[in-house]
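With chain A's structure known, arrange chains B and C on it following the hints.
So the chains spell out like this:
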Amino acid sequence: MQTKRTVFPNKLLPYLLLAPQMLVTIVFFLWPAGTAFWQSFLRNDAFGFKTTFVWFANYRRLFADPIYMSAFGNTIVFAVLVTFLSLSISLLLAVAAMRVVRGSRIYSTLLVWPYAVAPAIAGILWWFMFNPSIGIVAYMLRAVGINWNHLVNSTDAMALIVIAATWKQISYNFLFFLAGLQSVPRSLQEAGAIDGAGPVKRFWTIVFPLISPTTFYLMVINIVYAMFDTFGIIHATTQGGPARATEILVYKVYFDGFIGLNLGSSAAQSVILMLIVIGLTAIQFRFVERRVQY
Amino acid sequence: MKKTALFLSAGVAAVLLASQAAWAATKIQWWHAMGGENGAKLEEIAKKFNASQSDYEIVPVFKGTYDETLTGAIAAFRANQQPAIVQVYEVGTGTMMAAQGAIYPIYQLMKDQGEAWDQSKFITPVVGYYSDTDGNVLSLPFNSSTPIMYYNKDVFKKAGLDPETPPKTWADVESFSRKIVMSGAAKCGFTSAWISWIQTENLNALHDKPYSTKANGFGGLDAEFTFNNDLTERHWGNLKKWQDDGLFKYGGPGGGDNAPPMFYSQECAMYMNSSAGRAGVVNNAKDFKVGFAPLPYYDDVIKQPMNSIIGGATLWTLQGRPAEEYKGVAKFYTYLQKPEVQAGWHQFSGYLPITEAAYKLGQDQDYYEKNPGSDVAIKQLTRVAPTENSKGIRFGNYVQVRGIIDDEFAALLGGKKSAKEALDSVVNRGNEQLRDFQSANQ
Amino acid sequence: MVENRPFLNFLAHLVLIVGAAVVVFPVYVAFIASTHGGNDFLSGIVPLVPGPHLVENYATMLSAGMTSSGAPPIGPMMINSLVMAVGVAVGKIVISILSAFAIVYFRFPFRTLAFWMIFITLMLPVEVRIVPTFKVVADLGLLNNYGGLIIPLIASATATFLFRQFFLTVPEELMEAARVDGAGPMKFFRDILLPLSTTNIAALFIILFVLGWNQYLWPLLISTDQSLYTVVMGIQRMAAVADAEPRWNLVMAAVILAALPPVLVILAMQRLFVKGLVETEK
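Protein chains in written order, with our numbering: chain A, 1 to 294; chain B, 295 to 736; chain C, 737 to 1018.
Chain A extracted, bound-state conformation (with noise of 0.2 angstroms):
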């Protein structure tokens, strides 16, 4: 991992200073976090009152599972497109910002205030758009061919959750490379005009290496809500369907764990799922941050 060359030589300081997160984290997350790694051994009732230790069970059920395997490949057809997509998008629309001069702000509002709205209800509006019946998206679909109905058509049920999960991600994204590319400093810039570089090479030679650090993070930070805070969005879109066809792990934790009150089970697949993503996350820290210029 990444560090400066200098640091400040202080021994007591920099624990006092990182005390604040870390009681909070362990008191609100790693402790309860314990307590659900310590429910996916056991197989119990939702109200806790008969326990039993069962080891690795509620595990061994999961990969036994074709539908959990499945959610598995839907999970990573789905966080490889919504990161990827929103990413380019979002990148696309802070340099058009960072170029326009006029009207700049309006269109930073008008990218970043559908964030504010807030998830539950975005969800409920992605229904309704896409609704086979009475949605504006589904009848402009129709009016060009195409047969919309993700209700039946497990293609057209993962294009939604995509768009929408895209969606929510252009706004935060946007907002943030849009404060990277405030930091580049322009006499950079314009060293590389005088040597007769493009507006485009310039992009990709100057100014795309020096907002790797925010692209790094916002990768990160992507691929960890695909996978996460996407459950949302599922829920009220498409509960999973058809057919499990956009049933993604966290979705199936949920369903597992709030509705269908399977506490193990849940807790089990929360397991798996932080593992996969730690690993990811890892893999992203050794890998791509070499390529980052800080």
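Note that these hints are calculated values from the structure, not bench results. Incorrect hints may appear among the rest.
The calculated lysine-lysine pairs, modelled on DSS-like cross-linking and capped at a C-alpha distance of 25 angstroms, are [as the list claims (entries may be wrong)]:
1) LYS447/B x LYS462/B
2) LYS508/B x LYS714/B
3) LYS4/A x LYS923/C
4) LYS923/C x LYS11/A
5) LYS462/B x LYS503/B
6) LYS50/A x LYS871/C
7) LYS710/B x LYS535/B
8) LYS447/B x LYS583/B
9) LYS335/B x LYS621/B
10) LYS583/B x LYS673/B
11) LYS451/B x LYS481/B
12) LYS50/A x LYS508/B
13) LYS673/B x LYS447/B
14) LYS664/B x LYS335/B
15) LYS871/C x LYS321/B
Here is chains B and C on its own, set in the frame of chain A:
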């Protein structure tokens, strides 16, 4: 001297007791999942009870959807913060019943607190769903509904059908739909919400077919599903065929949220959904007249269909609260059963009246005459005495099983499985869920 | 923009217009829905033009609208949402910037471990830990007050990670110069690092404010006192009607109203952005 001291202390004690009773009404929390206007009406009921006496105060707390409310109650129970009363949907009955250390069955509560309790006052199907094998009611029915059929009278007329004659049998549904679609009066014949509740559970109940062994689950946690029988196979196969012929349109998984818009926009002429949606249907059916009818059946399988089974929620009492609260809970439950309260709630919300007296009160008030179709549900529910097959169902992990039903039905509609394969798969996967619940709760 | 290329300017505008139109479209749909009658929504394709009920619907929502579904009046709910949003945003920013500073500018045992411990808070879904977290909060006596609403939410990894990224880009020379001047770490932090971080703090404040503003599940779970209702809880209460149809026009009006304070925050924070832009223009 002693006498004065005694007198004095008695006097002080009396004053203390009196002042206690005067300003400390015991607060009792009631967690519910009624949003929207039903929620406001529910708060009104609680307010009226509070105003009618000064010892207890019911505090209704909205806790989200049915799932969120149940999970919240369980989380609270595990942290010793549970409410005294919680509203749980019918699919959660299995979970609640199995949690014997957590629940305070209502028949016992009323007996312990000395409140009158007469189960015969209730409509039998409603009570049957929520009682144990000895016939003792465990939770108080509060908002119950049953599925019925809504149909578009204007489209019927346009297609040359008599708008006052709804289809009685599935054969009628098919032939009416064909006529409607062929005449162009509407783009599809019928749609349905809740494939699990309406087209599978109620299907078997109406035709007096068992849904599982062990009296549809009432008899024990070791029940096994048996609804992959000829009847369900035939019906699911028909639904697939009718979809392919353009007569039936799928309303989506779970509650089938995509079905209502199809009916309101007049795309489909007939639509099956909960009777509690009546107010919403009438409101949203802007440009056409709505008719109400009982669910259709196969008249070659049964001559006179049985009663339909219910959905909705009941009020469960949780253990672990201070003793004074339960006295108040019992009094509140007595209040809830009053005919005026029941009739008012039923007429406002569209849920069923759960006592005979409330139904009778509505009839005396001419409510059902003034609101045609508002008694289709209760008539369908009480037309015969329920058998073991039409009392209802009771399974643990049933939320997951309903999800499995939706999965396999979607696979059937998508042409990936035959009706038999889909149903066998549902039963196999469903039985796994039942065994899971059994091992976790035994 | 370095040189004047009119075609690229035009292209940039085009991209932005299309992008903004697509991104704002769902919000526009919500707005349209809020101007129609209650039963227009489900009975046909909703038109793309506003309907006649705009004033009526918004007036209803601003006065007694939510109470018709049993929620408290909208004013107090807005205040609760504001407290949560500001509390969460400020809380997260403060503790994260300090932690990031510690992790980047110091070397000490368990440094990497600390970073990862903070980081994995992102990786366990809320729904799984919500039940055990409830117990912890209940045992600490934090149910039904602002503390319980805000404190568990400020263990954020995104902010720490972002600040870490930013601090790593700050030139070493600045820090070395400070040390040469005899400035201690906190002076360096206050006088140099903090002003440099303004753009990032502004961006984070927007995001975290919205996060706190839109909290629904956690407040729902831990509060039984209606005086702690947030605006989004009120909206959900109108929309989560079992067996019935919500009054969508009113729900959407409430959604638009609820999204307005964040817009104000976005506009206010943008000043800090534009300031940055103006500076680098020189």
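Checked hints:
1. Straight-line distance between C-alpha atoms of LYS447/B and LYS462/B comes to about 15 angstroms, which keeps the hinted pair within the 25 angstroms bound.
2. As the CA atoms of LYS508/B and LYS714/B are separated by approximately 23 angstroms, the hinted pair is consistent with the 25 angstroms bound.
3. Among the hinted pairs, LYS4/A with LYS923/C is consistent with the structure: their alpha-carbon atoms are about 18 angstroms apart, no more than 25 angstroms.
4. A C-alpha spacing of about 17 angstroms is found between LYS923/C and LYS11/A, which places the hinted pair at or below 25 angstroms, so the restraint holds.
5. Between LYS462/B and LYS503/B the alpha-carbon distance is near 19 angstroms, which keeps this suggested pair within the 25 angstroms criterion.
6. Our distance criterion of 25 angstroms between C-alpha atoms is met by LYS50/A and LYS871/C, whose separation comes to about 19 angstroms.
7. With a C-alpha separation of about 14 angstroms, the suggested pairing of LYS710/B with LYS535/B holds against the 25 angstroms cut-off.
8. For the given pair, LYS447/B sits about 5 angstroms from LYS583/B by alpha-carbon distance, which is consistent with the 25 angstroms threshold.
9. For the suggested pair LYS335/B and LYS621/B, the alpha carbons sit about 24 angstroms apart, so the restraint of at most 25 angstroms is met.
10. Between LYS583/B and LYS673/B the CA atoms are separated by roughly 21 angstroms; this keeps the pair inside 25 angstroms, and the hint holds.
11. At roughly 15 angstroms between alpha-carbon atoms, LYS451/B and LYS481/B fall within 25 angstroms of each other, so this suggested pair holds.
12. Taking the CA atoms of LYS50/A and LYS508/B, the gap is near 23 angstroms; set against the 25 angstroms cutoff, the hint holds.
13. Taking the CA atoms of LYS673/B and LYS447/B, the gap is about 21 angstroms. The hint holds against a cut of 25 angstroms.
14. Restraint check: the Cα-Cα separation between LYS664/B and LYS335/B comes to about 21 angstroms, which is no more than 25 angstroms; the hinted pair holds.
15. Between the alpha carbons of LYS871/C and LYS321/B the distance comes to roughly 22 angstroms, so the proposed pair stays at or under 25 angstroms and holds.
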